[in-house]
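Engineer: So you can see what is in the structure, the chains are spelled out below.
There are 2 protein chains.
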Amino acid sequence: MQAEIITIGDEILIGQIVDTNSAWMAKELNKYGIGVSKITSISDEADDIVTTIEAAMKRAPLVLMTGGLGPTNDDITKKTLSDYFGMKLIQDDELYQKIQDRLAKYGISMNPFNQEQALIPDGARIIPNNFGSAPCMWFEKNKRVLVSMPGVPFEMKGIMQNGLISAITEHFETSEIVHKTIMTDGIGESVLAEMLSDWEENLPLNMKLAYLPSPGKVRLRLSITGESKPALEKMVDEEVEKLKKILPDNIFAYDDIAIEERIAELLLEKGKTLGTAESCTGGYIAHLITSHAGSSAYFKGSVVSYSNEIKEKVLGVNSKDLEKFGAVSQEVVEQMALGARKVLNTDYAVATSGIAGPDGGTDEKPVGTVWIALAGDFGVQSEKLELYKVRERNIKVSAFKVLNLLRKELEK
Amino acid sequence: MQAEIITIGDEILIGQIVDTNSAWMAKELNKYGIGVSKITSISDEADDIVTTIEAAMKRAPLVLMTGGLGPTNDDITKKTLSDYFGMKLIQDDELYQKIQDRLAKYGISMNPFNQEQALIPDGARIIPNNFGSAPCMWFEKNKRVLVSMPGVPFEMKGIMQNGLISAITEHFETSEIVHKTIMTDGIGESVLAEMLSDWEENLPLNMKLAYLPSPGKVRLRLSITGESKPALEKMVDEEVEKLKKILPDNIFAYDDIAIEERIAELLLEKGKTLGTAESCTGGYIAHLITSHAGSSAYFKGSVVSYSNEIKEKVLGVNSKDLEKFGAVSQEVVEQMALGARKVLNTDYAVATSGIAGPDGGTDEKPVGTVWIALAGDFGVQSEKLELYKVRERNIKVSAFKVLNLLRKELEK
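Residue numbers (this note's numbering), protein chains in the order written: chain A, 1219 to 1630; chain B, 1219 to 1630.
Any given hint could turn out to be false.
Label-pair ranges, simulated between beta-carbon atoms [as the list claims (entries may be wrong)]:
#	chain 1	residue 1	chain 2	residue 2	range
1	B	N1424	A	P1330	20 to 30 Å
2	B	E1263	A	V1458	37 to 47 Å
3	B	N1468	A	P1330	35 to 45 Å
Derived DSS-like pairs: lysine-lysine, alpha-carbon spacing no greater than 27 Å straight-line [claimed, not checked]:
#	chain 1	residue 1	chain 2	residue 2
4	B	K1630	B	K1607
5	B	K1359	B	K1323
6	B	K1583	A	K1316
7	B	K1490	B	K1630
8	B	K1316	B	K1375
9	A	K1531	B	K1560
10	B	K1607	A	K1316
11	B	K1249	A	K1607
12	A	K1426	B	K1316
13	B	K1614	A	K1614
14	A	K1323	B	K1435
15	B	K1460	B	K1490
16	B	K1531	A	K1490
17	B	K1316	A	K1607
18	B	K1531	A	K1488
Think of the hints as simulated: they come from the structure by calculation, not from any bench.
In this text, a Cβ means the ideal position worked out from N, Cα and C, and glycines have one as well.
With the rest of the complex left out, here is chain A (with noise of 0.2 Å):
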């Protein structure tokens, strides 16, 4: 079955923000057989939402929509869709009193914008939010659904979670769809492809493969629809395996699991600590780590040594090496992971020196040169790369990498 999204608000248009919400809505679609055909931005103007929505429910039996049903005047969702319905907006007196509540907790009273929030299509099925005043609302015409959600994304994702999933899968008989993500490193996508063209030919032909390349490596993804699961994941798993035989040296991991998920998996299982030592990754590595929960049993801390004072002083980095060779050597960030281990009292330190740009970069060492360090019970080692001339690119790069070293280490 196949659905569509529009996500509303004149923010996306002007590229204010983007648009997250899409994503995270297609992967939990797909996770219950709903595949999605188009995602649609538009704008907060009534016209614009109608012909969007008609154009949407011809292709589609299921629609879903974000944004546009905040308090204030440039939100129009709710009167647009209710007019289209044929519906009338009143008053839904348990969502009323529910934002009352809310306001009490703050010492604030009900004001014309909030009552507003607590008006309703009659005729919309109402869908708890749990985590706002905006309500989720369902309409149906034709056996045809068009749900409309806050564009909110932690309302969103608790609508969806805690009650529209489970009404959708009852209204809807749905087949399946199985992904399985292999995540490759260290060959870029061309040759990749080259590599493994016979196999990709020969793939069973309701088989789909695509690849994805990332900074520093390159996902493949096979994809497949059918109606048993089991089945499905059957004809998967053996592809893989083919697969793994192709590419033997080259996968990291067979789920589309982040770098920093596969070496908290493999620092658990083995009980060992981590620490890290940043110089142009600024802390990116840390935040990376830090964000999974749970990551305080394997993960004890950083150094960001953005100045070289830092390095001297806190991490012991040699004063006298660090004017020789500079900052952006090996030298330097050998210590520095080294110095990690210690002050921070991990199994593992990552370190990383390196000139992220735009600016600062010399002929010998320009913009993008990063030194990578691994340091262990084994001692340390390390690598240099020669990166590129964005900053950003070159921070996530140097982190996916030092990682990555640091997962070929707990492989072993």
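Please build the complex by placing chain B on the supplied structure of chain A, with the hints as guidance.
Structural biologist: What follows is chain B alone, placed relative to chain A:
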């Protein structure tokens, strides 16, 4: 003038990647007076591509597409467009040479996938891609323009900035769009709406106001379209002056800049330095700051003290206080800030300690309890936050709140 954006790729529709290209492109087009009226994401299917571009070209004089131009078999956009515009694919010798040279640098020889990359539709105009081998193609039909670019963000950005924008502004006559964003904190969206309702009602007829709430803040955006940029800017500035009088204490910036950018301005202006001591934010604040080029001028580093051991050993937090009050306490967060200021030798230090969740809360200190502190030559100040159940949101709001504490201090 209005444009539409189409992004192609199954990875978007299954939610494997978030489409960040559209927001970036929309923002860029807005600068040149081109509004975006619709963004559509579709799969790598020829039928979908043809139907969608046909509809978009009927509605808008300019359609920009990204994606589907990779060297692998799942990418079919070039072939589809070539067929749609009745053109043939022919080899571009210059592009062929460029790809060959690039591969030679890595010691790789041309394979059939790379050769395919050098084909272009005869009759399409080529805009240079300095960061990759997929060509950017410009098609014209009845004076309407469709442009196809690769989906890799830094390739697309390079193409837009190094040729495509000038090609667009030469081809079309555009009007002016002025957006102004005013960043507010400390007042919720609906209360703000009430405070501003009189002002909003008296805005010039063609001026639009939007409310954009996000963790810890509400952005207000004024937008207006017309012929003369200076006149539009003057109208907007007049409204901003009125707004300042309504909200004398809650505006922290007059551009859509992140809080760390405002802090960078202030620190540079005053010649002061900053360090961070992060527990629950886990390096996120350091990462925010170091994402911006030039941050080494005012940012010296961070101690991410995820474990109590590091709070004691590196930051000098008193072990008895840690035991008595717990890591998430006023005593500990203040000592963290003071300790960081000392060990990192900075003018200011901010610190966070909290329960980010989803687990780890108690009755006394539920998930979302966060202490933040700021140390400076005045001593130390701190604040308790009672945030949410959601880890990501707690990390972001804590970072914003503590940086905002610093912003207020710097603006004194």
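Engineer: With reference to the structure, classify each hint as holding or not holding.
Structural biologist: Going through the hints against the structure:
1. N1424(B) to P1330(A): 20 to 30 Å: holds, 25 Å
2. E1263(B) to V1458(A): 37 to 47 Å: violated, 25 Å
3. N1468(B) to P1330(A): 35 to 45 Å: With Cβ atoms ~21 Å apart, the hint is violated.
4. K1630(B) to K1607(B): Violated, because 33 Å separates the two Cα atoms, which is more than 27 Å.
5. K1359(B) to K1323(B): Outside the cut-off at roughly 39 Å; violated.
6. K1583(B) to K1316(A): holds, 25 Å
7. K1490(B) to K1630(B): holds, 14 Å
8. K1316(B) to K1375(B): holds, 19 Å
9. K1531(A) to K1560(B): holds, 11 Å
10. K1607(B) to K1316(A): holds, 19 Å
11. K1249(B) to K1607(A): holds, 24 Å
12. K1426(A) to K1316(B): Since the Cα atoms of K1426(A) and K1316(B) sit roughly 31 Å apart, the hinted pair is violated (cutoff 27 Å).
13. K1614(B) to K1614(A): Holds, because 19 Å separates the two Cα atoms, which is no more than 27 Å.
14. K1323(A) to K1435(B): Judged against 27 Å, a Cα distance of about 19 Å means the pair holds.
15. K1460(B) to K1490(B): Answer violated: K1460(B) to K1490(B) is near 33 Å, above 27 Å.
16. K1531(B) to K1490(A): holds, 20 Å
17. K1316(B) to K1607(A): holds, 19 Å
18. K1531(B) to K1488(A): holds, 25 Å
In summary, the structure is inconsistent with hints 2, 3, 4, 5, 12 and 15 from the numbered list given earlier, while agreeing with the others.
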